[in-house]
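*Asks:* Following the hints, put chains B and C in place on chain A, whose structure we already have.
Protein chains in written order, with the working numbering: chain A, 1 to 248; chain B, 249 to 563; chain C, 564 to 854.
Calculated from the structure, these hints are not laboratory results.
Far from chain B by the CB rule (all over 10 Å, computed), these chain C residues:
| # | residue |
| --- | --- |
| 1 | Val719 |
| 2 | Arg727 |
| 3 | Thr728 |
| 4 | Ala736 |
Selected chain A positions facing chain B (in silico; Cβ < 8 Å):
| # | residue |
| --- | --- |
| 5 | Pro80 |
| 6 | Ser81 |
| 7 | Arg85 |
| 8 | Arg90 |
| 9 | Glu100 |
| 10 | Leu101 |
| 11 | Glu105 |
| 12 | Arg154 |
| 13 | Val155 |
Ideal placement from N, C-alpha and C gives every residue a C-beta, glycine not left out.
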Amino acid sequence: MSAPVCDPDHILCAWGLTRDFGGVQALRGVDLHVARGSITGLIGPNGSGKTTLFQVISGLDRGATGAVTFDRESILGWRPSQIYRRGLARTFQLSRVFPELTVLENIVVAGSRHDRSVTERALGLLERVNLRDYAAVLGKNLSYGQQKLVEFLRVLMSDPALILLDEPAAGVNPTLRQTLWDMVRHLNGLGATFLVIEHNMEVIADLCSEVYVLSEGEIIAHGDFAAIRNDERVLEAYFGKSRRHGAA
Amino acid sequence: MNNYRIGLWIGVALVALASLAPLGLNDYQQSFLLQVFLVIALAQAWNLISGMTGYVSFGHAAFFGVGAYASALLLTWGFPWWLAVLKSAGIAALLAVPLGFLTLRLRGPYFAIAMLGLNEVGRIVATLWVSVTHGGTGLTLSPELLPSLDVKYFTMFGLALGATLLVAWIHRSRFGLELRAIREDEEAAEMVGVNTTLNKVIAFVLSALIPGAVGAVYVMYTSYINPSSAFEHARNIEMIVVVLFGGSGTVWGPIIGAGTVMVLREMLWAQFPAAHLAALGVLLLVVVLYLPGGLVSILRDRQRSRPDARSGESP
Amino acid sequence: MELLEPEILLQLLIGGLLAGALYALLACGLNLIFGVMRVINLAHAELMLIGAFGAYVLFHIFGLHPLASLLIVVPAIFFVGYYLQRFLIERVVGRPMLTSLLATYGLSIILINLGLLLFSADFKSIPALQGSFLIDELAVSKPRATAGLISLLLTVGVYQFLERTRLGKAIRAVSEHAQVAAICGIDVRQIRMLTFGMAAAMAGAAGVMLSVIYSFWPGSGVDFIQKCFAIIIIGGMGNFVGAFYGGILLGVVEAFVGGFISTQWAEAAAYLLLVTVLLIRPTGLKGVARA
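The following block holds chain A by itself, in its conformation from the complex (with noise of 0.2 Å):
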């Protein structure tokens, strides 16, 4: 099948994505245009096929039928290591650090195979967020918050030019989900593009310029928040017929 021609604007385009469990379908022709240099969100009911969603584009799920490009080039059926160095990284909704190795192993791992400065440049992340004197200590021994940073941090190491986030501030305290969030701006402005499954409808409102919403496998809607908020479809989604709770 020949995929349709991604938009040049667009970084990533997915076209008609289904993945089927057996009779399941977890995702039901998703279509979805992920402007460059963006930061864009992807919402959804529990269950609604976001992680699902990223476990395809980031090669992890073969088993999807559909097509997706990265940067005008096919990835579906790539291995996951291949989409990752081509510069598409994506985050864990449930921190995966390896626990027995260190904080500087962990970054490091990810890094390039021939560059000579891969630890100094490790050793630069972890200062960005005032994890240094962590380099040496195991991934185990880590609070929770710090681990999901460190994976954050992890995926740097590719200077990917799209991250998938999946969650990445939950069950993170408030200080580090700030410098977790205040890092996302900032890579962003660098160029970085973004696209984020978050729950908390401030931060999306705040971060996103364009919001895709999943529901039942399927987009239901996408825009701007503003948009969004009030799409009949999307209160329904979330809320059942008798809504009225206030979206945001």
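*Replies:* Just chains B and C, lined up with the frame of chain A:
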């Protein structure tokens, strides 16, 4: 002086001792050391795939068996002993390439069980392929084909040393870091750019190469091989217990484990092989339940509790 | 072709079904343990051999018929299993799967070698049942028929127990969701001990059945445990009914491979089946996807 330096000096001292040992030992003692080296080399091979990469193999003796048979055949066909060792190692490694691609798709217990099956398949093939292996009768090598005890001793020593240096090098290398990341969380490793399949297969092939060579020398030592001695289940047990007891995923663990287990065997239960294995079973239980890090972890924990411990831990 | 005559085929089929019933009894117990505590019991075949040697001792010392010794051996091994769970397996439940795998591996090594110390490496057998039943042209060996039918009966009995009784339902509840079961007031720890005891008793019964058909030695377990792995992977890990069908399938495949090619290749059938299944479905045909 940091841990690395201390380890290095102890290593140099041990190498010197082992090299000079044949001068002052009788044949029996020299044979004992040869067997210690055999266990060390096998343990390091197992350590590489199971300790560092986390893929626990219950059947790595399969490659030992392949090496032993290959070597026995090559010797009878008139190849010199050293070429037989090299070729046997090569055959085991070559065989490991497709097997690695197939079995390493399996996770956790599935891999362990598949490897157990592989060892049994090796035994069945050796039994049924009578035209080459002489089936259950086995192959006997005439003494004039075999090198002297000194040659066998130093070859086995070289294999133990080589396997240890390989593990030590991998431990400090980028490759080793990627293997450890795979052990910790394979998906996450793949997600940060580690080509997990390729890394696993390379580790697997290296870990098959060593038992292939060890098996080749072993058959020169015993001058006889049959399906049950080549694919002996006890050998799998020994590899696993020695590494876990010493400390899996470490450089010194297999050496300490092999030394301890072999000396215990020699002193306590050499006359009762069943008691020896039963004791290994008990040891395995004790280690799994009470000492997950092995003997090495006791030493290391003492180090860690020192105030300056953290500064010595840069990668 | 002589082999393609219907009588021969029927003979092979019946032989396969009977052998398969014994495998099923063993493998269902293994899967019961896996279902309830996510532990692969590598010592399962050694529990079976305890049953076989128990029957052997009772026969040669007290002259007790193996079928009668079932009544002693099976309850005894239930308690062996119950206390193994209490003092050993309980410590590794919930730890990484490799921990429990290695722990039960250690247990199996200990049992095999204790067996060697007690009984030596000689093959033992119990000459209690001999001869064949003749049904028309078909000859079915008495020991095989007896062992197969009793195994079948026991497996179906345990299945009915799991399906119908309160305790059986509690076991299934723990198997499906231990936490929910605990909230519902089920004593999960007690259930685990009962389960392991029951599975051990099934293995012990299989051992007694084995002792009337085959000769055995303390190292006989390896073949059986590997066959069981093949079976539970084919049938789905933790799936009782799957293990039953898997066992029957393996018995029949072995019988036909043995009949058409050679008995030595029949030994390899389980491994070939196992390898094929693992290659097609790296996580097994059914059951839990990842460890």
